[in-house]
Amino acid sequence: MAEATTGRRPGVRFMSRSRLTGLLTVATVIALWFLLTSVTGLVGEFRFPSPPDFLAAFARLASTGYAGGTLLEQALQSLRLVAIGFAAAIAVGVPLGFVMGYDRRAEAFFNPIFLVLRPIPPLAWIPLAIVWLGLGDASKVLVIFVAAFVPSVINTYTGVRNVQRTLIEAALVHGAGQGRLIREVYLPDAAPMIFTGLRLSLQASWTTLVAAELVGAFLGMGRVLSTAYRDINTAMILVSMVCIAVLGAITMMILARVERSVIRWRKT
Amino acid sequence: MSERLPLWAWSAAGLILFFGLWQGAVSSGAVSSFVLPSPLEVLERMWKLMNQPFAGALLHEHLLSSFGRFMGGFLLAAVIGVPLGLMMGRFRLLEDIVTPLFEGYRYVAPLAWVPFAALWFGTGIGGPIMVIFTGAFAPCVINAYRGARLVDSYLIEAAQTHGASEFRVAREVLLPGALPSIVAGLRIAAGLGWQSLIGAELIVVSSGIGFVMVQGQSNLSPSTVMTAMAVIGLTGLLIDIGLRQIESRVRAKWEGR
Amino acid sequence: MSEIVIDNVGKVFGEGGGRPFLAIDGVDLRVEDREVISVVGPSGCGKTTLMRMVAGLEHPTSGEVRVGGKRVTGPGPDRAVVFQQFALFPWKTVRENITFGMRSRGATKAERDAAVAHYLTLMKMEGTEDKYPHQLSGGMQQRVAIARSYATDPGVLLMDEPFGALDAQTRTIMQEELVRLTNDNPRTVMFITHSVEEAVYLADRVVVMARNPGRIREIIDVATTRKAEKWSEEPIDDVMEMPSFTHLRGQVWRLLREQMGSDI
Ligand SMILES: Nc1ncnc2c1ncn2[C@@H]1O[C@H](COP(=O)(O)OP(=O)(O)O)[C@@H](O)[C@H]1O
Ligand SMILES: [Mg+2]
Chain A
8 MAEATTGRRP
18 GVRFMSRSRL
28 TGLLTVATVI
38 ALWFLLTSVT
48 GLVGEFRFPS
58 PPDFLAAFAR
68 LASTGYAGGT
78 LLEQALQSLR
88 LVAIGFAAAI
98 AVGVPLGFVM
108 GYDRRAEAFF
118 NPIFLVLRPI
128 PPLAWIPLAI
138 VWLGLGDASK
148 VLVIFVAAFV
158 PSVINTYTGV
168 RNVQRTLIEA
178 ALVHGAGQGR
188 LIREVYLPDA
198 APMIFTGLRL
208 SLQASWTTLV
218 AAELVGAFLG
228 MGRVLSTAYR
238 DINTAMILVS
248 MVCIAVLGAI
258 TMMILARVER
268 SVIRWRKT
Chain B
24 MSERLPLWAW
34 SAAGLILFFG
44 LWQGAVSSGA
54 VSSFVLPSPL
64 EVLERMWKLM
74 NQPFAGALLH
84 EHLLSSFGRF
94 MGGFLLAAVI
104 GVPLGLMMGR
114 FRLLEDIVTP
124 LFEGYRYVAP
134 LAWVPFAALW
144 FGTGIGGPIM
154 VIFTGAFAPC
164 VINAYRGARL
174 VDSYLIEAAQ
184 THGASEFRVA
194 REVLLPGALP
204 SIVAGLRIAA
214 GLGWQSLIGA
224 ELIVVSSGIG
234 FVMVQGQSNL
244 SPSTVMTAMA
254 VIGLTGLLID
264 IGLRQIESRV
274 RAKWEGR
Chain C
135 MSEIVIDNVG
145 KVFGEGGGRP
155 FLAIDGVDLR
165 VEDREVISVV
175 GPSGCGKTTL
185 MRMVAGLEHP
195 TSGEVRVGGK
205 RVTGPGPDRA
215 VVFQQFALFP
225 WKTVRENITF
235 GMRSRGATKA
245 ERDAAVAHYL
255 TLMKMEGTED
265 KYPHQLSGGM
275 QQRVAIARSY
285 ATDPGVLLMD
295 EPFGALDAQT
305 RTIMQEELVR
315 LTNDNPRTVM
325 FITHSVEEAV
335 YLADRVVVMA
345 RNPGRIREII
355 DVATTRKAEK
365 WSEEPIDDVM
375 EMPSFTHLRG
385 QVWRLLREQM
395 GSDI
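For the record, the sequence lines run as chains A, B and C. Heads up, my numbering is the position in the first sequence plus 7, with the first residue counted as 1. Heads up, my numbering is the position in the second sequence plus 23, with the first residue counted as 1. Heads up, my numbering is the position in the third sequence plus 134, with the first residue counted as 1.
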């Protein structure tokens with residue numbers, strides 16, 4: 008958000024002023040955290056953990072483990088489910104969205120079905136998935152699939168629908184057939200929008216997985232979180248929240264990498 | 024392309040096939056209605072839940088209590104998030120201070136706040152409202168911020184040279200200028216907030232439409248679960264339609280009719 | 135042989151749904167093989183529509199278009215289009231853009247490399263083959279678009295205000311280059327422009343159109359004067375000051391201005 012350069016503040020900048028402010032902010036927050044918990048004890052440990060408690064809980068999760076597994080086992084379990092659900096969703100969603108954007112009849116056929124299913128929030132599928140498939144991995148993969156499916160379809164569809172008319176015509180007048188049209192015009196022109204869809208899908212995958220694991224799971228980061236809640240272990244609650252956020256951020260960064268390597272032609 | 028069949032026929036075919044396959048699968052006995060109730064059975068169940076208390080209340084009473092919580096959390100997010108976003112767009116220092124915290128917060132899935140929300144504010148009203156708030160907050164801030172950045176700085180300067188106070192600048196220049204973007208953000212916020220509430224009700228709350236689903240799940244009653252899903256979807260849709268009305272009105276007014 | 139025959143062509147938009155709109159009415163025009171014509175007329179008179187029907191991107195609602203004796207039913211390799219907004223593929227390098235049409239025709243790698251080298255030299259753009267369009271100036275982008283169309287070796291080249299988006303200086307350079315290119319490598323060219331100077335400078339004949347409905351107002355011959363006065367041997371600025379040029383330019387101008395009068 009801070010990348011905008013509007014020259015509202017004239018004058019020479021020795022180093023990025025925003026970055027300096029940002030660092031100061033983070034430092035202040037950490038200092039406040041210490042002050043309110045460890046130093047003054049104004050906030051008790053059943054409301055929010057102190058920094059040492061937080062680190063201790065992290066060490067415990069990483070070494071001996073908590074709620075049935077170590078950090079690595081719990082994180083890998085969650086990562087695995089997200090990867091499977093997300094991959095399955097985009098493997099079906101992107102081609103479906105493409106067909107809907109490419110062919111008016113397919114668009115007319117699938118759109119009303121989407122209008123019926125789309126308003127149901129992905130989280131609302133969790134109980135049905137549990138009734139159908141139990142508390143194991145399958146039900147989680149199903150709800151992640153549902154959650155990640157919709158954005159990948161919608162965005163691919165929109166991207167293909169909005170492929171620039173003149174580029175299609177330029178390809179046609181230079182003799183491109185349907186295959187080249189799809190590969191060399193539709194796909195690249197829709198690619199930025201498709202990736203937007205993938206980003207939203209990935210985000211939805213994590214949100215849904217966390218919810219599903221909170222509702223019931225044998226292993227996974229959400230399971231750590233819900234166990235910590237039951238034990239009123241605020242330090243472990245915070246640890247699992249941070250770990251979930253970091254895992255989400257890592258997968259988003261990987262996706263951004265892939266996007267940059269696929270879309271090389273964009274400015275900067 | 025559509026020489027033979029008009030497009031509406033394809034649309035009708037899609038819907039008929041969808042509901043037909045669903046109903047057919049159950050009627051033919053291919054799928055047990057204990058696993059997948061037919062559309063008609065879902066309607067039947069809905070009627071029953073509206074007339075017979077389930078999980079402590081009638082269906083629409085559950086919905087009402089969910090909706091009340093939703094409004095509480097959503098309004099709170101708007102009342103705090105929109106001014107914060109506007110001020111971030113106006114004052115660089117505030118932007119620099121908030122941005123790193125905000126970026127970190129955005130990666131935390133809204134539902135991961137449920138434990139703290141429950142510990143801090145209980146599972147009755149306060150906790151769920153906080154969960155909705157965490158879901159709806161980000162789009163309120165981001166869109167208000169973007170909207171404020173789009174307001175021409177000469178408009179602000181014009182207001183200032185006419186002696187407007189900082190408060191009047193915010194109320195009479197920034198807010199109206201950013202309004203289209205803000206309303207678009209509120210739509211996104213409402214969708215995320217509504218979904219977060221359902222999540223909270225699934226996990227810790229013991230009333231509301233999400234709780235109906237949990238009860239249906241533990242009674243192994245898919246028809247109850249699907250009834251609740253339909254009600255949730257419909258309510259979300261109505262909320263979105265309402266906000267879309269406001270959005271198109273604002274756009275029509277601002278961007279010339 | 136690549137002559138264009140536009141045979142009593144009419145175009146109505148929005149038949150079926152909406153209010154029908156007569157965009158082109160009864161246009162008859164024959165462009166000889168290797169002849170360059172330019173088309174001018176007030177905006178909305180149907181220049182683009184006419185060209186798109188020759189390209190096969192739009193279909194006449196009455197009459198027909200024939201190119202090289204064959205009726206036009208869709209885009210074909212015998213006709214290439216240069217669009218006003220260049221329409222280069224942003225995700226393809228200069229090399230890939232130039233050879234796009236050649237690949238449709240199954241040109242070998244050696245042929246494609248030769249063509250890229252040939253056109254980039256011709257257009258003084260050596261060393262840009264691996265650049266993406268957004269890294270080039272507007273003038274360079276349009277040169278690549280023209281090279282893309284030339285490289286498919288079409289009999290007919292259709293250009294819709296190709297220099298409209300360029301600044302005045304670049305534009306002049308491009309006009310000279312186009313004359314050189316069509317001299318070295320003659321094609322049948324239909325060139326749409328809203329600049330009267332450009333129309334007269336580039337074409338063998340100038341077609342002046344009128345609107346409501348779109349039709350041909352008059353056709354002015356330039357080729358005879360150009361040959362007699364040896365325009366192509368002079369720089370563009372000098373040509374534009376010759377009496378023979380200003381005379382023809384005035385003639386086209388009057389035809390356009392009389393239409394503006396009828397507008398009010
Ligand atoms: N696809 C279309 N549908 C409806 N009307 C069109 C379409 N394309 C062009 N027209 C109309 O036809 C007329 C001629 O357009 P055009 O050929 O673009 O004119 P020019 O290129 O001379 O400016 C205009 O009035 C324009 O609005
Ligand atoms: Mg035009």
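It is possible that part of the hints are untrue.
What follows is a list of derived Cβ distance ranges for each label pair [as the list claims (entries may be wrong)]:
#	chain 1	residue 1	chain 2	residue 2	range
1	C	369	A	272	35 to 41 angstroms
2	A	259	C	319	49 to 55 angstroms
3	B	28	C	385	52 to 58 angstroms
4	B	260	C	272	42 to 48 angstroms
5	C	243	A	260	22 to 28 angstroms
6	C	243	A	69	42 to 48 angstroms
7	C	299	A	79	32 to 38 angstroms
8	C	168	A	273	26 to 32 angstroms
9	C	301	A	169	25 to 31 angstroms
10	A	69	C	242	57 to 63 angstroms
11	C	208	A	169	53 to 59 angstroms
Note that these hints are calculated values from the structure, not bench results. Note that beta-carbon positions come from the ideal geometry of N, C-alpha and C, so glycine has one too.
(message) Please list, smallest to largest, the hint numbers that this structure does not respect.
(response) 5, 6, 7, 8 and 11
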